[in-house]
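Starting from the given sequences, assemble the full structure and let the hints guide the process.
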Amino acid sequence: MATEIFVQAAILILTLAIFFAIQYVPTKAVTKHRTDNRATTQTQRHVTRATHLLSRAKSNPHKDQSETLAKTAIAEIEKALSISPKDPTPHLLKSLALDLLGHRGSALRSLDLALASSRVKSLAEKERVEALVRRAELKLAVNKRRRVDSAVTDLEEAVRLSKEEEGGVQIKTASFCLLGECYEFKGLKEKAKKAFNEALKIEPESSVARQGLERLNLS
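Using the UniProt record's numbering, the first residue of the sequence shown is number 1, and each one after it goes up by one.
Think of the hints as simulated: they come from the structure by calculation, not from any bench. As the structure is a computational prediction, the values presented were derived from the model and not from experiment. You may find that some hints are simply not true.
[As the list claims (entries may be wrong)] Here are the computed lysine to aspartate or glutamate pairs in the EDC-like style, where the Cα-Cα straight-line distance is at most 20 angstroms:
(1) K194 <-> E156
(2) K186 <-> E164
(3) K201 <-> E184
(4) K186 <-> E198
This is the structure:
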């Protein structure tokens, strides 16, 4: 009798478990999927607005109006980050906005967040290359002497990644030119020449690369 009761109880528990799995779990999964989609849509909406505002800010010749647009863009970016903190795109846009406002140190920190290991995998290789080059530029602008080695690391990674990418002539050329300038600053003339020559292979009309080679040949 005790065994029969135990078996019946076990069957009842199993039946309830199956019912729960059928009724509750799919509903929960669908709800989560809908919530995720809604969050993605809201994030994209704020990112789109911020991108449009930044475009207007960069093209506006009036400094006060440009700054107002950039600050409004940051407000949209903060909304996107509050919804999707792991998304690297808002951090990239925030860096652009902060740089436009002259806050290079803060712009650099935003790029650091975008390129953090928890977010960088979400970036396409082209976006990652652009972010690495931009971060190198900011490092040199903030403190060239102290950050040149770190900038070289970013640029060498950008060059490596860009070799695997089709197209992107402008960013590839910029990567090699900036790398050449870093090597030149460090006194590594042969490496600098090689970097400038690589830039000319990609873009034969690059004035930055030609001027770099001229400086090295005269020194």
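20 angstroms Cα cutoff - pair K194, E156: Given that 20 angstroms is the threshold and the Cα spacing comes to 13 angstroms, the pair holds.
Restraint check for K186 with E164, where alpha carbons must lie at most 20 angstroms apart: Given that 20 angstroms is the threshold and the Cα spacing comes to 27 angstroms, the pair is violated.
Pair hint outcome, K201 versus E184 [Cα-Cα no greater than 20 angstroms]: With Cα atoms ~19 angstroms apart, K201 and E184 stay inside 20 angstroms; holds.
Given hint E198 paired with K186 - CA-CA distance at most 20 angstroms: 19 angstroms, holds
Going down the numbered hints, you'll see the structure goes against just number 2.
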